[in-house]
Amino acid sequence: MSSVLSTASRTSSPRTTAIFFAGSVALLAILPAVLPTYHVSVATQILIFGLFAMSIDILAGYAGRTSLGHGAIFGTATYVVLYGVANAGLPLALAIPLAVVAATLLAAIFAALAIRTTGVYFLLLTLALGMIVWGICLRWSVVTGGENGIRGDIRPAFIGDARSFYYVTLGCSVVLTWAMWRFIRSPFGLTLSGIRDSESRMRSLGYNVSLHLFIGFVMSGVFAGLAGALYALFNNFVSPSTVALTQSVTGLLMAIVGGVGTLFGALIGSFVMIALENFVSFYTQRWLTVLGLVFIFTMIFAPAGVLGTIRVLRARRQG
Amino acid sequence: MDRRTFLKTTAAAVGGAGLGLGPMRGALAQTGPIKIGLLAPLTGVIAAGGKEVVEGFQFYFEQNGLELAGRKIEVIVEDDASNPDTALQKARRLVEQSNVNFLVGNILANTGLAVANYVKGTGTPYFIPVIAADDLTQRARIPNVIRIAGYSASQNSRPFADWAYKQGYRKVATISQDYTFGHEQCGGFAQTFTELGGTIVQQFWHPLNTSDFSPYLGQLAGLGIDAVFAMETGADATRFAKQFASFGLKGKLPILAAQNMTDQSVIRTLGPEAEGLVSAAHFCEGAKEPATVKFVAEYEKKFGILPSIYGFSHYSGAMWLAEAIKKIGGKVEDKDALLKAVRELELSGSPLGKTVKLDAYGNPIYDIYIRKVEKRADGKLWNVPVETYPGVSQFWKYDPETYMKQPAYSRDFQGIKKA
Amino acid sequence: MNLFQLLNGLTFAALLFIVASGFTLIFGLLRIVNLAHGALYLLGGYIGYSVATWTGSFAMGIFGAMAGVAIFGLLLEGGLLRFVRGYELRQVLLTVGVAFVINDMALVVWGGDSFTVPTPDFLNGAVKIGPVFYPKYRMFVLGAGILVFILLWLLMNKTRLGVMIRAGVDDAEMVEASGINIRKIYLWTFLLGAALAGLGGVIGGAFLSLYPSADAEILVFSLAVVIIGGRGSLPGAAIGALLVGLLNSVGQVMFPELAYFVIFGPMAALLAFRPLGLFGKAA
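Residue numbers (my numbering), protein chains in the order written: chain A, 945 to 1263; chain B, 37 to 455; chain C, 71 to 353.
Heads up, a few of these hints could be off.
Stated by the list, open to error - List of simulated lysine-lysine pairs, BS3-like, C-alpha gap at most 25 Å:
id, chain 1, residue 1, chain 2, residue 2
1, B, K207, B, K324
2, B, K362, B, K324
3, B, K288, C, K206
4, B, K288, C, K198
5, B, K286, C, K198
6, C, K206, B, K286
Keep in mind the hints are simulated off the structure, nothing from the lab.
Given the sequences, and given the hints that come with them, work out the whole structure.
Structure below.
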C-alpha cells in the first residue's frame, strides 16, 4: 500500500549517488562562509530535521510502514539529553548515548506492538503510541518539567556559536546519512524492500518477516534518536511540543515532499518545508493554512515527492 | 514585517555578507530605526490573547507616534504559535536576522522560558509584560530579562489571602491547573493564608485543558469549606465557571479567583456564571482612576472590547520602554544603558494612574485591587474594585533574601504553615 | 467508582459516541481515516455557537451546524478526496492537510476566544439523582447519545440505504457489481458522518467549550474509540465510547499523571492482539 507513495524500485547507481553526495557535502560545507548567522541556524535545523525525516523514510519507503509516532522517539532522546545534563548533572558524553539507548528501547516497544499491523492501522497505532509518550511528558512533571519542559546551557562552549555547531551537525549528518544509505542498500535493507513489495512472497521464501520489520523499526528509531539528541544541543530546551503529534506529522510530510523511498529526498523535503515556513511567515501569519495546502497539493498532484517525481520523469525519458 | 521591510533586510543581509561588510552594519544601525521584536502567539491555543498583545503594544505607538528621541520605531511582529520551539526559532530570527535591539512579549510561560534561556546566551534585552514565572525575577534572575508592566505569579495571591482571612474564611481548598503558573499562584495564597492562621483543607491539581471538572466539583462540594481558591486560565476558566454554576454550587460556595479567571479574555464570553467572582490584580478595568477610565474608553472605542491583561500589559510595557528610550536619548545599542534606564524608571503615566517602579529584582511593585465581576450598564461584564492593598511587592512582607532561601513553589512545596 | 464518576463517564461516552460514530461510518465504508474529523467537530461547534447566539435557539444551532458541516463534508469528499480515491495513505494525509486549513480559517473567522454554545434555560441547573446533584445538560447529552445510537441503528438495519451501507462495509465491490451506484452511497455516508461531527461539536461545545486545539483532543479520543471498537461497527463504537469515557473518568481521578496511559495503554495492547479492534472485520 505504501508502495503507492514509493518509487524506490528504481534508484540511481552507487557511483552517481556518491558523486552527488560528495558534491552536496562540499556545497553544504561552504554555506556558513556566505550565510548570515540566522541562516546558518536555519541550515542546522534543516539538517537535523532532514535526519529525522530520513529515519521515517527508512520505515515508510523501505519497509512500507508509515509511522506517525516518530516524533515521540525523536523527542524522547531530546528529553533524555536535557534531563541528563541539566537536571541530573551527567556529562554530555554520557547523556547522548543514554538518549540514543532510550530512543532505541522506545522504538523496540513501538515495534513489538505495531509490526503486526499494516497500512492505516500501523499509522493509527503508532499515532496512539506517540500520544502516550506525549501525555507522559506533559503530566509527569516531576521529571519532565510538565508544560514548561526542561532548559539549560547544555551545549559545550567550544561549539557554542552557530557556525561551529553547524559543522558539528553537518559532520554528524554526513556520517549518519552514509550509515542509513548503507543500511538500506545492505542485504538486510533489500530484504525489507522485498517485504514492502510482497510480504507473502518473502515469507514463502523463508524470511522471518516480523523479525526483519522489528529490526528495521528499531534501526529507524536509533537514527531518529540521534537526530533528537542533536536537537537537544541545538535548542538547549525541550517541552512536550517536541514529542507532540505535530512533530511526527512534520517529519512525515518532509519525507513525503522529498519523495518516499528516496532517502536523500527527506533532506530536500526538510529544506523545502523549513525554507517555506521561514519565507511564508514574512508575509502572513497563516502558515498553518499554507502547510495544509502543501499537504493537500502534494497528496493530489505529487505523491512521489520532489526526488520521486524527478526519477519518474527521468525514467520516462530513458524508457 | 511587511513585504518591503523584508526585501530591504534581505538585500542588506545578502549585500552585507557578500561584500564582507558584516561588521559595518552594526555601526550604521546607530542612526537607523529602533527595531523592536514583538513575540506574540497569533495562532495556537492562546491566539486571542496574542492578538491583544500586538494591539495593545501598537496602540501606544499609534497614539504617541512612531518616533523616539529622533529615531523611527519599527515594531517587527513574529508569531510564536503558542509553542516554545517556534518561539525560540522566531526569537533567533528577530535577533540574528532582523537585528532587533530588544525583544518584548510572549504569553505562555513555556514560550517565555524558552526565549529567556536563549537571550541568556546572546545578552539581548528581553521584556516580559505577561510571563509571570516567579523565578525569572527571583532565584533564577537573568540580568537582561525584566518584567516591565507585568507581575510575578504569587504576588497578587498574598494580599488576596489576607483579604480572604479578613472576610472570616478559615477553611479553604484550592483547585488549580497543574503547572508552574498554578503552583505559584496557589503557593502565594496557601502560604500567606496559613501563616495568618487559616487552614488549606485540600489542594486539587488538574491537567491543563481539563474538559470535565465534575470529579473535582463533586469533591469540593463535600469538603465543608468556607471558600475555594480557583486558579484557572483560558478555556479551563470558562469551563470551570460554567460547570461550577451548573452543578448548583454558585451562591453556596464562594470562589476566590486567581486574576486570570476573571480577566476580560475570559469573562467577555461568559454570562451570569461569572458575576460576583472575586479576584486580586494590579489592573482593574472598572477602577475609577481617571487614567484607567481614559485608557479603557479609548481602548474600547478602538477595538470594540474591554482591555484584557494582555492588551493592558503590553500597552503599559510599550510606554515603559518608550520612556526609558527617551531617557537614554535613543541609544538602544548600548544594552547596559537601556537595561539600567528601564530598571530605574518610575512610570507615572500608565493606565493604572499611579506611579509604578521595579523592585531591586526587576519586578514591579503595585497597588493590588481586590476586584469583583459586575455587570456594567450596557450589560458587559467587568471587574470593579472592592478594596486596595498599596505597595505590594513580589516578596509581600518577607525579606527578599530570606524568602528566596525557601524552595520555589511546586506541587510538593506550597509554603503551608502547619497549625 | 461512585455514582458521580459513573455518570461523568457515561455522559462523556455519549458525546464520544456521537463524534466517533461518524468517524467509524466513513472509515468503514469509504476506508478513509478522516483525520479532519476533529476539525469538523470544532467547525460544527463554532457554526452552532454563531447560529444559536444569533437566533437565540439551541435547536437552530444544532440544525445549522449539522447542515453547515455536511455541506463542508460534501466539498471535501467531492472536491478533494475523489482525486486520491483508492489510495488509503494519501487520503489520510490529505485529511491532515484539510484539518490544518479548517483550524486556521476558524481562527481567522471566530478568533481564539473560548466560546460556549448557549443552552436553553430548561437544560441549565442541576437535578438530584440519588444522593448527588447532577447537571441537567449532561443528562441531556446522555439522552442525545442514546437517541443517536437508536436512530443510526434503525437507519442501518431498517432502511435500504442502511442495508447498502452495511453491505458496502463488508464488500464494496460486491455492492457495485450488483448494479448499485456505490458513489452515491459513499457521498451520503460522508455527509452523514460529517453531520454527526457537526452535531457533536454543538453538543460538546456547550459543556466542554470551543477553543483552538479542542479539535485535536476530541479527535484523539475518537480514534481510540474507533480503534477499540473496530472499523465501521456501530456497536463497536458504542462499546469503545463507553470504555474510553469510563477509563477517562477513572483515570483523571485516580491516576492524574498517567491519564493518557490509562486510555491508550489498553488500546495499544488490544490492537497488538486484535489489530482490527473488537468488532472489526478483515477487509
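A quick look at each hint next to the structure:
1. B:K207 - B:K324: 33 Å, violated
2. B:K362 - B:K324: 30 Å, violated
3. B:K288 - C:K206: Holds, at roughly 18 Å.
4. B:K288 - C:K198: 16 Å, holds
5. B:K286 - C:K198: 16 Å, holds
6. C:K206 - B:K286: Distance ~15 Å between K206 of chain C and K286 of chain B Cα, so the pair holds.
The structure fails hints 1, 2 (numbered hints given earlier, in ascending order).
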